[in-house]
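Student: The lines below spell out each chain.
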Amino acid sequence: MVQFDILIVGAGGAGLYAALETSRRKGLSVAVLSKVYPTRSHTGAAQGGVNAALGNVAPDSPEKHAYDTVKGSDFLADQDAVEMMCEMAPKIIREMEHMGLPFSRLEDGRIAQRPFGGASFPRTCYAADKTGHVMLQTLYEQCLKNGVKFLNEWFLLSVVHNGERVSGVVAMDLRSGRIHGIRAKAVILATGGHARVYWNRTSNALGNTGDGTAAVLRAGLPLKDMEFIQFHPTGLRRTGILVTEGARGEGGYLINSKGERFMKRYAPEKMELAPRDMVSRAIETEILEGRGFRDEEGNEFVYLDLRHLGRKKILERLPQIRELAIDFEGVDPIEEPIPVRPTAHYSMGGIDADKLGRTPVKGLYAAGECACISVHGANRLGGNSLLDIVVFGKLAGEDAVNFVSEVDFLPFAESEVKREEERVNSLFEADGKEKLADLRSELSDVMSYGAGIFREEKKMKEALEKVREIKERAKHVKVYDGERTFNTNLQQTLEFLNLVDIAETIVLPAIERKESRGAHYRTDYPKRDDENFLKHSIVERGDDGELRLSWKPVVITKYQPEERKY
Amino acid sequence: MEKREVLFRIRRFNPKRDEKPYYQEYRLTVPKGMTVLEALQQIKDTQDPTLAFRAFCRSAICGSCAVKVNGFPKLACKTQVFNELDKFGTDTLTLEPLDNMDVIRDLIVDWDRPFKRMEEMKPWLVPDPEVVPKTLDEESRVYPRELKKFDQFTDCILCTSCYSSCTATQLDDGYGGPFQLARVYRFAVDPRDALKAERSKIGYAFDMWNCVRCNKCADVCPKHVSPVDGIMKLRGLSIEVGLKDNPGARHVMAFYKSLLESGMLNEVLLPLRTKGVKGVLENLPVGIKMILKGKAHSPVMKPIAEHETLVKVMKVAMEVE
Amino acid sequence: MAKFAFYPGCAAKGASKELYESTVAVAEKLGIELVELPQFSCCGAGVLEEIKEAVDLAVNARNIAYAEREGLDIVTVCSTCLLVLKRTKYLLDNDEDLRKEVNEILSEAGLEYRGTVDVKHFHWVLLEEFGEEGLKEKVVKPLTGFKVYPYYGCHTVRPESILGFESSENPQSLEKIIKALGAEPVSGERRLECCGFHAFWPAPRMSMKLTGLNLLDAKKSGANCLTTPCPLCHMNLDANQSRALKEVGESFKMPVLHLPQLVGLALGIEPKKLGLHRNIVPVNC
Ligand SMILES: Cc1cc2nc3c(=O)[nH]c(=O)nc-3n(C[C@H](O)[C@H](O)[C@H](O)COP(=O)(O)OP(=O)(O)OC[C@H]3O[C@@H](n4cnc5c(N)ncnc54)[C@H](O)[C@@H]3O)c2cc1C
Ligand code: SF4
Ligand code: SF4
Ligand code: SF4
Ligand code: SF4
Ligand code: FES
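Residue numbers (the numbering used here), protein chains in the order written: chain A, 1 to 566; chain B, 1 to 321; chain C, 1 to 285.
None of these hints come from the bench; they were simulated from the model.
Cβ atoms here follow ideal geometry from the backbone N, Cα and C, with glycine treated the same way.
Hints are supplied without guarantee of correctness; some may be wrong.
[Said to hold, decoys possible] Restricting the straight-line Cα-Cα distance to at most 27 Å, the calculated cross-link-like pairs of lysine-lysine (DSSO-like) are:
(1) A:145 <-> B:116
(2) B:87 <-> C:136
(3) A:527 <-> A:552
(4) A:64 <-> A:435
(5) A:149 <-> B:116
(6) B:293 <-> C:29
(7) B:293 <-> A:435
(8) A:313 <-> C:100
(9) C:273 <-> C:246
(10) B:257 <-> C:89
[Claimed, not checked] Chain B stretches covered by chain C per the calculated footprint, using a threshold of three residues with CB under 8 Å from any CB of chain C:
(11) 159-172
(12) 209-222
(13) 260-272
Between the sequences and the hints, there should be enough to build the whole structure, so can you do that?
Tutor: Written as structure tokens, this is what we have:
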């Protein structure tokens with residue numbers, strides 16, 4: 001059986017930073033396993049930027065960054081982790097700068113920073129509107145330089161542990177279709193988010209299906225704060241493809257059908273740069289109350305107007321956004337406003353991990369969007385995820401290096417591989433009474449209806465019923481493609497099954513959290529309730545296959561909960 | 001909303017089973033605005049689950065989905081079906097895997113070769129201790145005009161479209177490839193890099209002078225990178241670091257000289273200036289034919305009018321930063 | 001009638017005299033006034049970019065600046081000149097800072113680039129000025145029976161973002177002209193492939209192979225001659241034909257006409273005036 005001291009699953013920003021960190025220690029065998037070629041990971045889609053209190057444009061400090069983050073999180077973030085992240089931010093940004101990351105620059109040659117939602121200062125470092133792309137490329141280049149080993153186009157199927165320590169993973173080589181056990185002393189999961197649960201309207205890549213998160217759930221480990229899904233205010237009308245917050249950071253307006261900058265009613269001070277949850281609700285409210293636009297296909301939307309920024313600024317700072325609007329909406333933002341509506345964007349919840357990425361199973365780590373540390377609490381601020389992934393990728397890498405130097409490999413039972421083989425084989429034998437695409441779309445509709453931007457008990461309970469029903473029906477989804485080589489039919493089916501597992505873990509705690517906090521907004525409980533719900537939700541799957549919900553306290557250091565006003 | 005009946009001819013191939021590739025036809029009703037990727041996924045969802053293609057971000061940033069559409073590499077996710085139909089005045093779209101790489105299955109190609117090639121060319125920053133600070137308390141200074149020199153090349157999403165269409169790649173196994181060479185240039189002009197112009201020697205070792213300047217790479221790039229521009233400039237750097245004794249570099253110098261001398265290219269002296277006596281001999285048969293047909297001018301050329309303005313701007317341009 | 005600043009390029013002034021001759025003859029016949037500016041220099045064929053981009057841009061901004069002085073759009077008969085001049089214009093028109101820098105250089109010679117004139121290829125002008133129908137009307141000797149391979153090569157169509165006259169994937173300008181002349185355009189797979197001219201010095205065999213493949217494709221598609229809008233393509237396809245064919249293990253003769261030569265024949269201009277006797281592969285007509 002193949003074995004590595006450390007196996008990193010996922011090659012986005014989190015996975016690659018972890019890999020870089022481990023590659024600095026000589027003599028360790030490390031591999032990065034990813035279902036897509038590393039530079040294709042979803043980190044590359046991040047446009048707007050990454051936060052760090054460099055203070056290059058206006059005086060700033062890590063404390064202020066931490067405060068903004070905690071406030072943005074609606075006080076659900078663990079403050080010790082937030083402080084650590086914000087403290088490390090300037091150094092890690094400079095570290096990437098030293099690796100060659102092509103940040104946009106000020107006239108004096110220092111890194112430029114732009115304003116972003118929920119931040120008190122221009123704090124977001126950026127490379128035009130391709131920040132994630134160049135970050136991913138830079139990290140990948142440095143991994144190549146350090147000779148990191150990559151298993152590209154391999155698909156994680158399960159995580160194997162003995163209740164105390166991790167012993168490896170089971171994964172499929174997509175190219176050959178063969179299923180392998182991989183033994184490892186430490187496994188770092190960096191498999192990204194799961195907003196694809198909202199399949200029909202999301203900014204996420206097709207493969208952001210929470211595979212690692214679902215594998216952890218199946219392995220009996222806890223997930224945290226799963227009810228919190230961020231809806232980004234500005235997805236393109238037709239596709240949900242993202243228009244970065246940077247567009248508003250540069251001064252874009254949101255306009256309703258009355259021609260008003262309606263944000264003045266919701267966040268008179270910060271206007272368009274209020275946190276995402278607020279702006280998304282504001283847009284949906286405008287639409288609900290009849291002040292949106294409607295096209296011939298029935299899509300409803302508001303406008304994001306950039307025209308007043310002028311040609312030069314748009315071309316210089318937002319060139320890709322302009323392309324996206326032209327290619328996917330047929331609209332040139334220099335000439336016309338962009339039709340937008342909120343789109344499912346980010347998973348605040350995920351694998352329960354501490355501030356070094358450690359899960360309850362020794363040697364198993366989680367970092368990046370698949371993890372919930374938690375630094376984003378109930379609502380993530382723009383530009384904080386790219387920071388989160390590199391900081392905690394690095395820390396998990398560091399800790400894993402220390403861990404593996406003290407332990408030996410655990411035995412890895414062949415039966416673990418067998419089990420996954422059987423699970424996969426059974427998919428070829430299903431009766432085909434249900435169709436993958438239809439069911440996937442149905443799941444998306446159910447989730448938008450029951451666990452979308454506005455939530456209420458009755459709808460959520462209906463949704464939970466429906467999700468469970470879909471889970472049953474999913475057993476009838478058949479893989480028709482009988483070939484093993486690059487069987488994308490099989491892969492899409494496995495991904496869908498992961499989404500189904502995850503959907504349930506979102507709705508269940510959402511029903512029980514009887515308050516509104518950050519992205520979790522309930523019309524039946526419109527107020528935050530610190531007395532009862534200033535706590536993290538935890539879901540686990542018991543041996544009986546049922547989900548169990550419990551709660552865990554929030555770490556508070558300096559910042560006492562207060563009302564969130566912008 | 002406008003809809004059209006479209007015939008998709010898709011090249012299929014599973015090297016494990018099929019002796020050779022074949023085309024399979026699918027009909028689909030396509031609404032205006034539908035992308036090639038959406039069409040592919042719809043065919044997969046409703047007609048043929050075995051159809052294999054790659055896709056991930058579906059927003060033109062991950063570089064997974066490049067395929068040939070009616071013969072030209074395109075990102076399936078950002079290419080609208082109607083645009084292509086209109087361009088070719090047809091209701092048929094032929095979809096094929098990219099060229100210059102082996103097919104793994106259907107529209108999926110093997111990226112190993114182009115990416116290994118890139119790796120061999122050291123596509124990473126080697127920090128220059130003079131520029132990059134030693135501690136993490138400071139940033140290196142990179143001025144906007146320095147960034148501008150290499151910024152466009154950092155847009156590359158490694159979709160391999162340019163590689164697929166590259167003329168030199170097709171004919172020369174030792175050729176570095178468009179996006180790969182462009183990346184070498186990207187680092188060569190990054191002020192933070194320690195190797196700097198020396199990197200052009202890598203380009204030289206990977207046959208950069210064999211680029212035929214067909215501009216296909218610039219034309220197909222979905223991110224508006226122009227690899228050929230990077231390659232031209234990388235050649236310039238190689239001359240700067242002293243790789244002058246080769247036909248490519250001598251050819252460049254011959255042009256430069258001609259312009260300074262008369263303002264027009266001295267074609268008669270070109271073989272001699274570029275390849276020395278060997279060049280003259282190699283091209284003798286053709287040269288003689290051309291002389292016989294009255295196609296040769298005198299080796300001494302009369303300068304153009306206001307030649308001094310040309311000399312002036314060339315000299316000033318050579319001196320500016 | 002239409003009046004242009006004529007930019008023949010060095011090839012047409014030198015080894016491809018017949019292109020110069022035929023262009024002038026055709027223009028005269030059609031009443032297009034070509035004013036050759038004596039200040040025009042060689043464009044550097046893109047090679048100057050390999051010395052330094054600023055030199056390339058300054059040299060060509062200078063060329064354009066002289067045309068601006070006359071208030072005339074530039075017309076050229078060389079694909080490479082076209083791309084080099086167009087590229088200069090494209091970069092300077094879309095980048096204020098760059099334009100400023102280049103103008104600082106030009107100002108040393110008392111010149112200024114303003115971006116007031118366009119750059120066109122001669123055959124674009126034919127279509128713009130007359131259209132297919134208009135051209136057809138001018139034809140006195142329809143080229144019936146000519147099966148012409150429309151060889152575009154690279155620099156009249158690629159990159160489309162800079163050249164922009166027609167689609168680089170399915171251009172039709174040559175086909176339209178060929179049809180208007182009464183000839184039949186054959187459809188070939190390599191009409192948009194490169195001839196390898198620009199790698200002739202460093203990689204002669206590769207260059208010759210490409211040219212050979214293109215000629216072979218013309219032969220296979222049943223063409224009895226080939227036409228090109230570029231003297232450099234012409235040099236490889238015509239002057240180097242036998243060597244190119246050897247590279248692909250063939251030997252035959254495929255006449256290669258500069259586009260103005262083909263047009264000239266249909267307009268009834270005598271072959272001598274079109275310089276047809278200078279073509280290396282004999283053109284029998
Ligand atoms: C459109 C968009 C724009 C954004 N803009 C910003 C921004 O401007 N600023 C900001 O801070 N944040 C932004 N975000 C959020 C941020 O980009 C992501 O949260 C972050 O990049 C996630 O990084 P990651 O490393 O955790 O995961 P990812 O980059 O998603 O990588 C996941 C990796 O896991 C691998 N993987 C997944 N499943 C499997 C499996 N089963 N087997 C093997 N490998 C697997 C994948 O191949 C991939 O390599 C944006 C997000 C989106 C969607
Ligand atoms: S211009 Fe050069 S690098 Fe670009 S495709 Fe042509 S041969 Fe390849
Ligand atoms: S240069 Fe352009 S075409 Fe080539 S790989 Fe990069 S993005 Fe794709
Ligand atoms: S392309 Fe050649 S021949 Fe034509 S002008 Fe330019 S340099 Fe001279
Ligand atoms: S075909 Fe040859 S000569 Fe003609 S434009 Fe292309 S490279 Fe230049
Ligand atoms: S799917 Fe990512 S580029 Fe097309």
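Student: If a hint holds in the structure, say so; if it does not, say that too.
Tutor: Against the structure, the hints:
In summary, the hint linking residue 145 (chain A) to residue 116 (chain B) is supported, as the alpha carbons are separated by about 13 Å, within the 27 Å threshold. Our distance criterion of 27 Å between C-alpha atoms is met by residue 87 (chain B) and residue 136 (chain C), whose separation comes to about 25 Å. In summary, the hint linking residue 527 (chain A) to residue 552 (chain A) is supported, as the alpha carbons are separated by about 21 Å, within the 27 Å threshold. Annotation: proposed proximity of residue 64 (chain A) to residue 435 (chain A) is violated, straight-line Cα distance about 50 Å (limit 27 Å).
Of the pairs offered as hints, the one joining residue 149 (chain A) and residue 116 (chain B) holds, with about 13 Å between alpha carbons and a cut-off of 27 Å not exceeded. Between residue 293 (chain B) and residue 29 (chain C) the CA atoms are separated by roughly 25 Å; this keeps the pair inside 27 Å, and the hint holds. A hinted pair counts as satisfied when its Cα atoms are at most 27 Å apart, and residue 293 (chain B) with residue 435 (chain A) does not qualify at roughly 73 Å. Distance restraint check for residue 313 (chain A) and residue 100 (chain C): the Cα-Cα separation of roughly 18 Å lies within the 27 Å cut-off, and the hinted pair is therefore satisfied.
Only pairs whose Cα atoms come within 27 Å are accepted, and residue 273 (chain C) paired with residue 246 (chain C) is rejected, the gap being roughly 32 Å. Distance restraint check for residue 257 (chain B) and residue 89 (chain C): the Cα-Cα separation of roughly 24 Å lies within the 27 Å cut-off, and the hinted pair is therefore satisfied. A count of 4 residues in the stretch 159-172 of chain B with a Cβ less than 8 Å from any Cβ of chain C is obtained; the coverage claim is therefore met, three being the minimum. Beta-carbon proximity to chain C at under 8 Å applies to 10 residues in the stretch 209-222 of chain B; the threshold of 3 is reached and the given coverage holds.
Requiring three or more residues with a Cβ within less than 8 Å of a Cβ of chain C, the coverage given for the stretch 260-272 of chain B holds, as 5 such residues are present.
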